[in-house]
Each structure stands twice: as C-alpha cells, then as structure tokens.
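Number of protein chains: 4
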Amino acid sequence: MSDFKELTEALVKFRDARNWEQFHNSKDLAVAIGIEAAELNELFLWKTPEDCEEANRTRIKEELADILAFALLLANKHGFDIREIVLDKIKKNGEKYPVEKSKNLATKYTDL
Amino acid sequence: MSDFKELTEALVKFRDARNWEQFHNSKDLAVAIGIEAAELNELFLWKTPEDCEEANRTRIKEELADILAFALLLANKHGFDIREIVLDKIKKNGEKYPVEKSKNLATKYTDL
Amino acid sequence: MSDFKELTEALVKFRDARNWEQFHNSKDLAVAIGIEAAELNELFLWKTPEDCEEANRTRIKEELADILAFALLLANKHGFDIREIVLDKIKKNGEKYPVEKSKNLATKYTDL
Amino acid sequence: MSDFKELTEALVKFRDARNWEQFHNSKDLAVAIGIEAAELNELFLWKTPEDCEEANRTRIKEELADILAFALLLANKHGFDIREIVLDKIKKNGEKYPVEKSKNLATKYTDL
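Protein chains in written order, with my numbering: chain A, 7 to 118; chain B, 7 to 118; chain C, 7 to 118; chain D, 7 to 118.
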C-alpha cells in the first residue's frame, strides 16, 4: 500500500471514530489548512531566516503534520491521487518556469 | 520507493535545476504554504458549503498540489519522515480528543 | 486629530516602550497580519455561516483589533494615509466591478 | 465625522450598490481578510527583510487597503467601535507584555 493511502486510511479512521465527517466540507477543510499554516508561520515570526532554522523542531513537525492531514483529507474527499496531482503540478510549473528564464530568480512567472 | 520519497525527489530536482534552494529557507517555505492555502480558500470564497463541492476541480487539485509541494520541501529540509510525523500527530490528537468526549463535537480540545 | 492617527500613536508608543521596532520589518508585520487573520478564522471553523454570527464577540473584537493594529503599524512604517489608501482602493474596485456587471454576483472580476 | 465612520460608510455604499451584503457573512469576511493578508505576504515572499522594504509600494497600499476594508466591514456588521476595540486590545496587551519582562524580546507572552 502506498504511504498516502496508509496515512489517509489512518486519518479517515480517526475522523470516523468521532463522527466528524459532518464538519469536513471542502470549505472548512481549506480554512483549517490555512489556520495550521498560520500556526507554522508563528514559529518563525519576528525571527531572522537564520534563527528560524533553530526553531522548535517538535512544533514544526506537528504543524506540518496538521497541514498534511487536512490536505490529505481534502484530497480524499475529492478522490484525488496525491502522487498524480503533485507530479502534474510539477510538470505545469516547468512550463511556467523554464530553467533558462527562472534560474537563480525568485520572480513570479507573471513577471518573468 | 515510498510515494513521499518519489515526490520529494521530483520536487528537489525541479528546485535544483533552477538553483532555488537559496530562497527556500524555513520561514519563506512556511509563508509560501500560507499563500497557497489562501489561494485554495479563494476557490470557496462567498460560496455556501454546498456550492463549494461544485467548485473547479482542476484549481482545487493545483492549489492542493502547491501546498503539498512546499510542505514536502520543508519536511525534506529538516529531514522529517512524513509518514512518521503524521502518524505521531494522529496519536497525539487521539489523546487531546478522546472519542467519548469529542464524538459529534467540533469543539477545540481546550474547550472540551 | 484623526482616529487613525490617534490609534497609530498609541500603537507606536506601546511598541517603543518595549523597543520592538527592531522586529517590525515589513515582512514580519505582513506575516503577523496573516497569523491574526487565521486566529479570527479559527473562531468560525467547522461552524455554519449562521452559527458564526453567534460566535464569541469578545474574541472577534480581539482578533480584529490585532489585525488592525499590525495593519496600522505597517501603514505607518511606509507613511501611508489610511483614509487615502482605502478611498483609492474603493475607486479602483469600482472600475473592476461596475455595478451593472457585478450586481448580485460574487464572481471575481477576472471572471466577470 | 470620524475617519472610520467615513470609510465604513463608503464601503457600505459600495457593497449595497452591488447588493453584496448577502455574501458578507462573518465567516466569509474573515476568510477574505486571510486571503488579502496572503496577497500582502506574496509581495515579500523569497525576499530578505531588507529587500522587502524596496517592494512595490502601490501593491502594498492596495493589499493593506483590502485588509482594512474587510476588517471595517466585519466590525460594522457586529457594531464594533474600531477606536474602542483597538485601545482595549492595547491595554490588554500591556498586561500580557509588561515592559520590564518584554523589552527587546520577541517572545510570545505564553513563553515570557
């Protein structure tokens, strides 16, 4: 079994034991991802990029796990294959950011 | 090879071809996740939860893929094992949300 | 004195008493606004739009105040006049959303 | 008339000309603030804090104005007095962050 499938099954089992699917509409799952992303950002707030690399590893792990958990649940709700959607997006980004135009540049593709 | 490893390798290859690791400090990766989460939320803005389920599937896939991509890159930067951190978090959440106390409730554990 | 000026002065006084200007670069102030926005969103998470109107008023006030505080500090850092930038944006939005095309529609201007 | 009142009236007039109050429940207004905050953050993404101070001023103005606009509309919906809620929050923060404990420190009050 793939990793994503294993994790998704564990998440669904956790959710269903609590009968939480009733709350997990797409909109609220998206809001939840945004909230967890903000909690991740809070770990780095007011810190220089260098000091951020010293931030609390346990907390980073937990916030990343929360983001991934809600992302997997939303993907599962829509029947998306994680492997496929990420590989498709990498391909699409390759067209938006050709190597020769974007090398060493952090510029958004709309401004390249 | 695990799915996560395969995707992480594809993301790192894409990043390194453009020499973008120089921009990918933890703080900016976290900000990037937050931005992609907001783009996902925008797909559902001003819509009822029911109408959200009809939202553009292609766009949802792309925004979810962006969130996952930056999350995998941040995990890779810190050497985290995705499978492990998500399973650890599920276990921890099980302690914060015991089935008997949280069933059918969307209440935050601090208010249970 | 204008309200904005009064509030900005109170915020700057608070900041300077703690010597916090050293942390208040534009990037971190923007991140802080995003974090406070997520804390506001958390008050409404997993709730129907109707139930949201019953949410904790004290908490909504506090999160809104935090968002406004960091927004005023960022505006002050760049010397922006709040009244002017908001009135300018309303004018600009009027061009993006002409009444006849956008009435009763929650559609983004790029899709109108 | 206070600045806030003037801006709120202009925003309400804009909203009502398009009959948009039907979309402006508290939950979606909060999501909208989060989206605008992310657009502000995008202006600074992958930039060093120093380079951020050189970012596009026009875009910063616009994103700040959008954040303020939705914050004022949400405050108006709940009948909050902006001046009062911000001054109340400054007072509350003064108790969480006493000068002697927080001077020169970016530490969150829970860790002080």
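One or more of the hints may lead you astray.
When chains are identical, the list treats them as one kind, so a pair holds in a single copy or across two.
Quick list of in silico lysine-lysine cross-link-like pairs, DSSO-like style, CA-CA up to 27 angstroms [what the hints assert, rightly or not]: (1) Lys102 x Lys19; (2) Lys97 x Lys53; (3) Lys19 x Lys114; (4) Lys19 x Lys98; (5) Lys97 x Lys109; (6) Lys67 x Lys107; (7) Lys11 x Lys102; (8) Lys67 x Lys19; (9) Lys19 x Lys97; (10) Lys95 x Lys107; (11) Lys102 x Lys53; (12) Lys107 x Lys53.
Keep in mind the hints are simulated off the structure, nothing from the lab.
Structure-based check of each hint:
| no. | hint | in the structure |
| --- | --- | --- |
| 1 | Lys102 x Lys19 | between (39 angstroms within a copy, 16 angstroms between copies) |
| 2 | Lys97 x Lys53 | between (34 angstroms within a copy, 25 angstroms between copies) |
| 3 | Lys19 x Lys114 | between (40 angstroms within a copy, 19 angstroms between copies) |
| 4 | Lys19 x Lys98 | between (34 angstroms within a copy, 15 angstroms between copies) |
| 5 | Lys97 x Lys109 | within (16 angstroms within a copy, 39 angstroms between copies) |
| 6 | Lys67 x Lys107 | between (34 angstroms within a copy, 26 angstroms between copies) |
| 7 | Lys11 x Lys102 | between (30 angstroms within a copy, 24 angstroms between copies) |
| 8 | Lys67 x Lys19 | both (21 angstroms within a copy, 23 angstroms between copies) |
| 9 | Lys19 x Lys97 | between (33 angstroms within a copy, 12 angstroms between copies) |
| 10 | Lys95 x Lys107 | within (18 angstroms within a copy, 33 angstroms between copies) |
| 11 | Lys102 x Lys53 | between (32 angstroms within a copy, 20 angstroms between copies) |
| 12 | Lys107 x Lys53 | between (32 angstroms within a copy, 19 angstroms between copies) |
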